[in-house]
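Engineer: Chain by chain, the residues run as shown.
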Amino acid sequence: MPINLTKKTNNSFHIAIGEEGIVVAYCNDGASKAKLFVRSVDDNDTVKLKQLLLADTSAPIYLYMDTLDQTYVQRTIPTAGTIGISSLARKRLEKEIPKNHLKACIQLERLPTGRRDFVYTFMSTPIEAPLTTWLDFFLPYLNIIQGIYLLPVEIHSIIQKLRAGDETTKFVNTKKPELKDQITKLVPTLAGASKQTKAARWELFLSHHKTGGFRQVAFHDGKIIFSRLLNNINHPDPDVVAGNIEQEISNSIEYLVRLSISGEESVDMYLILSDEIQKFIRIEKLKATKVYQFTPYTLARALRLKDAAGEKDKFADPPMLTSFSTISKRKLTLHTPITQKVFSFTKNISRIRIGLNILIPIIIIVTLIIFNSIFNIRTSLASLANELATFNALISNHTKIIEETESKIGQNIKLDHLNEIVDFYLFLTMEAVNPMDFTMKLGQILPEIERVKLLRWVFTDQSLYHYKASDKIKSLTMADIATPRKYSITVEIELVLKNYGKTVEELQKKYQELALNLITSFPDYRIELSDLPQVFGLQTDVSQPISLTAKFIRVYDPELLKAKVKAPDNGKPDSQPSDDTKPKDQVLTFPNEKLPATAPATAPSTKSSEGNS
Amino acid sequence: MLPKHLRSFAFRKLQGRIVAFLIASFVFALFAYYNYFTAGTEDKSKLELKVIQNTLNGLKSKILKSEFSLKLWNDRVRKEHSDRSGIKVKQAKIILDDLKKVHQISNLVINLSNPEIRQDFQDAKFCNITYTEMGMTFSSFTDLDAYSFLNSSLHEIPGHIQVKALTLTAVPSIDDSVLNNIASGRFTDVVNVKVELLWEDIMDKTAANPLKAPAKQPPGKPAAQPAQTKPIPPGK
Chain A
1 MPINLTKKTN
11 NSFHIAIGEE
21 GIVVAYCNDG
31 ASKAKLFVRS
41 VDDNDTVKLK
51 QLLLADTSAP
61 IYLYMDTLDQ
71 TYVQRTIPTA
81 GTIGISSLAR
91 KRLEKEIPKN
101 HLKACIQLER
111 LPTGRRDFVY
121 TFMSTPIEAP
131 LTTWLDFFLP
141 YLNIIQGIYL
151 LPVEIHSIIQ
161 KLRAGDETTK
171 FVNTKKPELK
181 DQITKLVPTL
191 AGASKQTKAA
201 RWELFLSHHK
211 TGGFRQVAFH
221 DGKIIFSRLL
231 NNINHPDPDV
241 VAGNIEQEIS
251 NSIEYLVRLS
261 ISGEESVDMY
271 LILSDEIQKF
281 IRIEKLKATK
291 VYQFTPYTLA
301 RALRLKDAAG
311 EKDKFADPPM
321 LTSFSTISKR
331 KLTLHTPITQ
341 KVFSFTKNIS
351 RIRIGLNILI
361 PIIIIVTLII
371 FNSIFNIRTS
381 LASLANELAT
391 FNALISNHTK
401 IIEETESKIG
411 QNIKLDHLNE
421 IVDFYLFLTM
431 EAVNPMDFTM
441 KLGQILPEIE
451 RVKLLRWVFT
461 DQSLYHYKAS
471 DKIKSLTMAD
481 IATPRKYSIT
491 VEIELVLKNY
501 GKTVEELQKK
511 YQELALNLIT
521 SFPDYRIELS
531 DLPQVFGLQT
541 DVSQPISLTA
551 KFIRVYDPEL
561 LKAKVKAPDN
571 GKPDSQPSDD
581 TKPKDQVLTF
591 PNEKLPATAP
601 ATAPSTKSSE
611 GNS
Chain B
1 MLPKHLRSFA
11 FRKLQGRIVA
21 FLIASFVFAL
31 FAYYNYFTAG
41 TEDKSKLELK
51 VIQNTLNGLK
61 SKILKSEFSL
71 KLWNDRVRKE
81 HSDRSGIKVK
91 QAKIILDDLK
101 KVHQISNLVI
111 NLSNPEIRQD
121 FQDAKFCNIT
131 YTEMGMTFSS
141 FTDLDAYSFL
151 NSSLHEIPGH
161 IQVKALTLTA
171 VPSIDDSVLN
181 NIASGRFTDV
191 VNVKVELLWE
201 DIMDKTAANP
211 LKAPAKQPPG
221 KPAAQPAQTK
231 PIPPGK
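Protein chains in written order, with the working numbering: chain A, 1 to 613; chain B, 1 to 236.
Okay, chain B solo, but in the shape it has when bound (with noise of 0.2 angstroms):
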């Protein structure tokens, strides 16, 4: 056993560095403690700010484009398409009917594919595209009157019109017969017109009557046949 004084000579000889070390461990635990805790408010505050930062970001860039689509809305997109409610078969009829009187069309005949909505923009949140597959042929006088009509449709039928085909065939030629048949005043179809259209109109998702999307496929499965098309009748 070491002798008890010794004991105490150690103790005091080390008291004093004992207790600076610990004060200074304290210090330094406490220290660091605060500084754990501060960074980690700093990195709190710095994607909280980065948050604000793109908040902000996101705020200045809507308002750009909402200034920009305000303009548009006002300017064109408004007076097109304040009534979102897809495509609109009864108007466009009621408009074709007009136009092959002023354009002196004949033989009038337009199919349509049911309308459907497009499935290429999952994301969109209030509105949709419908669309339908229109598919039409007559005959005119002149080839001037088959592309004055088609123009006049394309621009009159509501909504948008994509032509994806334009077959414009004339007659083999001009003999006798036709030319006597115009000087007794009974104009001959010189002009034959076959037209592939897509027509697209926007629709707001909580119309009145919405459309109702097909069912996705599963994989695996072959994809849904086109939609049929539907003749409509001539005006008369």
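Isolated chain A, as found in the complex (with noise of 0.2 angstroms):
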């Protein structure tokens, strides 16, 4: 047989160990890629079991213990509830088998009556020859050993893929009629039964092995109750042995039935058995409900495996292994210490090469990323350094251009104190106030006014500069000293109006004009002008002068007036100055007299003077 042994693949090897030697399965995925029965670990047999394993050291090892050394016994577990039952039967099982013994236990079902009891199937193998033997022949090779399995708590998956559907049925329609006729005249075909009737809950397989002789596994609902490996029944005659079988299935019914606890007594029957055994079988002496007889090859063909097994073939070890080797998930997985240690071991390798996988193009990509990062940076600095040079191209040639302007200054003055200079000059002639302003204004309605008696002219500054020592100081600094000064200006004036008329009315008329006078020549000035007597005599001489008082009053905000540019009212473009401002500096008041129209209702009022000429 053809063996690919360079392409990598799911390639596994499958071993049935058993008193008499191994049987060795090179699988891949249900494929039989060789078949191998190695009697001992003499080098003279195991030649090409070293070449498989030399020749794909990545396939896995599988040992099935099909030794004749094997315990399966039924524990009832007191307890009170269901947790920590496991626990309980693990100590248990832990007690009563010895330390160098494989070992697990499988829960079976609960006790219906009484203190419902949960029983338990305890299974133990010794850790001895020939597994021992076989151990120390694999260990060195580097294939791992994922796990030590028990052949007869395996055999269930094939029960279960006999089962699984009528694919089998129609394989063997379809390719082999001969075939189906073959087991139709026997039993009736899986499908039938399984599309018909329920599964009984009791199983009983039995197969003929290479490695040791029948093995014969009881299941109730897909757990073992019980294995033997029949050595004893082996005779050169097929009906000898085929009487034999009979004898051990009838035993072997009787004791399912005696254990049977809740009274069930159908029990299915499987049986895979040479075509020369198969034909002496008396299938009525069973006392089974259904059989379902198989030779190897027509085993290997119900279960799809290729290569597994010929027509001609007496042992069902080569296609039950080769079956194993589909299956994904195993009923019981134990270890020696052993194999263990080197399984975790394995499988720690194994996760640090997938971390590696994952962390090593993660680390490529980052680093692509930086080196992205790096180019940009590079460009940009590059990028930095041009337009460092410009501007220190810059720097220069405007420093060159100061050292011209302070060359022209002369005095030997720097361009900083020439700056600091002009800075304080502009300071002090900024809105510089003189009082010969008002009275050059003043002067200009002089020939309506005789004479000005008095005039009391006050500048108060209301801004932040405090030059006196003695001042709070707030502390400005140079950039402060553009800022406008907040200042106000009262004038008082005291003056004589000249009435060139002869009635009261040309007086009060004289009067209203001059009034008029002032907010015309004012302004930026609120006025207070106080009033005419309100009392005059027949005889009362109106030609004669009439003293009169005015108090011009100017408040200047630079930061209001440009808040008010800023935000014109009602979106209204407005420069025009606000009710604070240049509106309220136009008002003239007359105290006893009807007021303006424009004129606030409560702006202040002056006495009257009396004319004293």
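Careful, some of the hints might be misleading.
As the list claims (entries may be wrong) - Taking CB as the label site, the calculated pair distances span: (1) A:Leu368 to B:Leu64: 29 to 39 angstroms; (2) A:Gln51 to B:Ala32: 48 to 58 angstroms; (3) A:Leu332 to B:Ile23: 42 to 52 angstroms; (4) B:Phe11 to A:Asp42: 23 to 33 angstroms; (5) A:Val504 to B:Asp98: 49 to 59 angstroms; (6) A:Val458 to B:Asp98: 24 to 34 angstroms; (7) A:Val504 to B:Asn180: 34 to 44 angstroms; (8) B:Ile23 to A:Asn231: 56 to 66 angstroms; (9) B:Asp123 to A:Leu368: 50 to 60 angstroms; (10) A:Ile364 to B:Asp123: 57 to 67 angstroms; (11) B:Gly40 to A:Leu368: 17 to 27 angstroms; (12) B:Phe11 to A:Ile362: 21 to 31 angstroms; (13) B:Asp123 to A:Leu561: 23 to 33 angstroms; (14) A:Pro484 to B:Asp123: 17 to 27 angstroms.
To be verified - A few chain B residues that face chain A, going by a derived Cβ cut-off under 8 angstroms, partial list only: (15) Leu6; (16) Thr38; (17) Ala39; (18) Thr41; (19) Glu48; (20) Gln53; (21) Thr55; (22) Lys60; (23) Trp73; (24) Cys127.
As the list claims (entries may be wrong) - DSS-like cross-link-like pairs, simulated, lysine-lysine; straight-line CA separation at most 27 angstroms: (25) A:Lys48 to B:Lys4; (26) B:Lys65 to A:Lys408; (27) B:Lys79 to A:Lys414; (28) A:Lys341 to B:Lys13; (29) B:Lys88 to A:Lys48; (30) A:Lys331 to A:Lys103; (31) B:Lys46 to A:Lys408; (32) A:Lys414 to B:Lys88; (33) A:Lys408 to B:Lys194; (34) B:Lys65 to A:Lys414; (35) A:Lys551 to B:Lys194; (36) B:Lys60 to A:Lys414.
Hint data in this document are derived by calculation from the structure and do not stem from the laboratory. The C-beta atom is built at its ideal place from N, Cα and C for all residues, glycine as well.
Two chains, two separate frames, one set of hints: put the complex together.
Structural biologist: Structure follows, in structure tokens:
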């Protein structure tokens, strides 16, 4: 048989260890690539096995114990509840089974009556020859032992596969009709059985193995009850063997009926025997509800196993082992301390490999991102260097301009000094208010006025500037120097109004003209003008000059003015001063007369002065 | 103990990946360090650029300001402030004496406080502003004479003068005695003026005899009394 050893696939070694030797199935997902029977670990016997192991070191090894020395016993575990029952069973198992044994337990069911104890199957096999012999043989190879399995326990997966559906029967019908006939003559078809009736809770499996003899296994609800290796019924005559088998099966079925907890008596029987023996099996003697008979070849066909068995093959081990290669999850995995160590070690190595496989690409990607970042930074740096060079050139150019400007100043004054002098100059000349401006304007309306008796002009600086050392100094910077000052001017004058007319009406008209003149001439001021005398006698000479007082107030607040200009009222483009500035300044109040329409109702009043010329 | 061959097998299995991992890690570390280094350099360069940009902006504004200052200096300031030695009392006295004669001012009395340095511009590097508070009373025959004298004083006295208060009082009435005096050629003063002024001027900090700035008051202590005024004797 050609073996492709170079291609890396899901190859695996499935090895049944028995008293007589081992059967090796080198498989690849249900296809048998090689089948070997190795009697001992002698070099002469293991040449081909060694070749296979060395040729495919990545193929894992699965060891199935098919030895005689296997114990399956039922134990009842009393407990108050389901919680902690497993650990209780485990403790009892540890207590009952010697340390040097591979051991496990499977929960069967709970007794329907009494204390409702749990029933467990305790199973064990000693860690000794032939297991140890073969472990010593396999451990030096790089092929990892994935686990040690009890063959009777794992056999149920084959029953499950056979029961799985009618695909097996279809295959038999189409490809090999003679096989179907062969089966259906003796027993109902598997497909038919699975469709018509529910599978029995008891299952009895018997197969002929090369490694030791006839393996008989009993299952209840898929869980193993007992297993026996019948190595003493071998005989050259198949009819004798068949008779022995009939006897053994009858005994086992009787035993099962006795064991039956719920009184069920239906037992399904699976026989994997050579064609020669099958011929002499009398089904009616078996006392089984249903009997399914397979030869190794028909089993391989039913399980769709490729090259697992030939038509003339007598032994069931190769197709069974090949069938195990298709199972992803096994019923029970056991390990000796050394195989456990090796398995954990390789598992960890595998994890590290997976970790590295993930980590390396991530590092490479991050490195590439960083590389891209470096590239961008380098480009940015080059651009920055260009900008720096440009700015440095501009700075030297500007410095030269400044030096040239300094040379123009003369008097050995540096530019900063000059700037400071000019700043101070501007500060001192800024908003310089001269009373002469006021008096000049007042002079323009002098023809209307006979005489100014008193003029009191007061300038009040309301700015932040406090020049006196005694003042509370607010530290100002040279930048503040350009801030316009806030100030107010108050002017009080006493004037003599000359009346050129003869009547009171003419006098009042003159008074009104004076008031209008003042408003026109001093638009920035709020003006308070005293009234004319309220009472005129008939003999009063109204042509005599009349003395009046006037008060002019101007408040200059550049910040307020600036704010008003920035935010025009009602969105109208407005450069007119607000009520706080100009309009208020233009108010002329007539304390004892009717106020003009524009005058505010709360305007201050002054007392009228008496004429005293 | 694990079989020896398994260890070597594991090593062989991981060898390539470990080498690849080490190389990748080394390259990553190298690039990460270089990235950190270049990022630092970039930050420094950006900071440097910002500083230079600020310097340049400062220079630009300085040039603009200097152009303006130079123009103003040549046009006006040089003439008025070529001598920056502070308040020039002596020079003012001469000017006032002259103006008094020109505008027929009588009863001129001038009081000055000791010149001091303004304390509100502390970060000025080259100059100070000195000030003195000045009080002036005088009489004149007409208010026009008074205004003219005052106006001329404001313009001719070196430095900058801000009028703080002005009070002009005319005689209550022009009676016969006044008219008779005028007729006989004896002009009687009919206008009395009282003016309060703040006189300021620029003074270089490096001036030959700079005024001593008054020491700052420690907190909690009362402020110093304003400088005492002293009269300037009227000119002959």
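Engineer: Run the structure past the numbered hints and jot down the numbers of the failing ones, going up.
Structural biologist: Numbers 1, 29, 31 and 33, in rising order.
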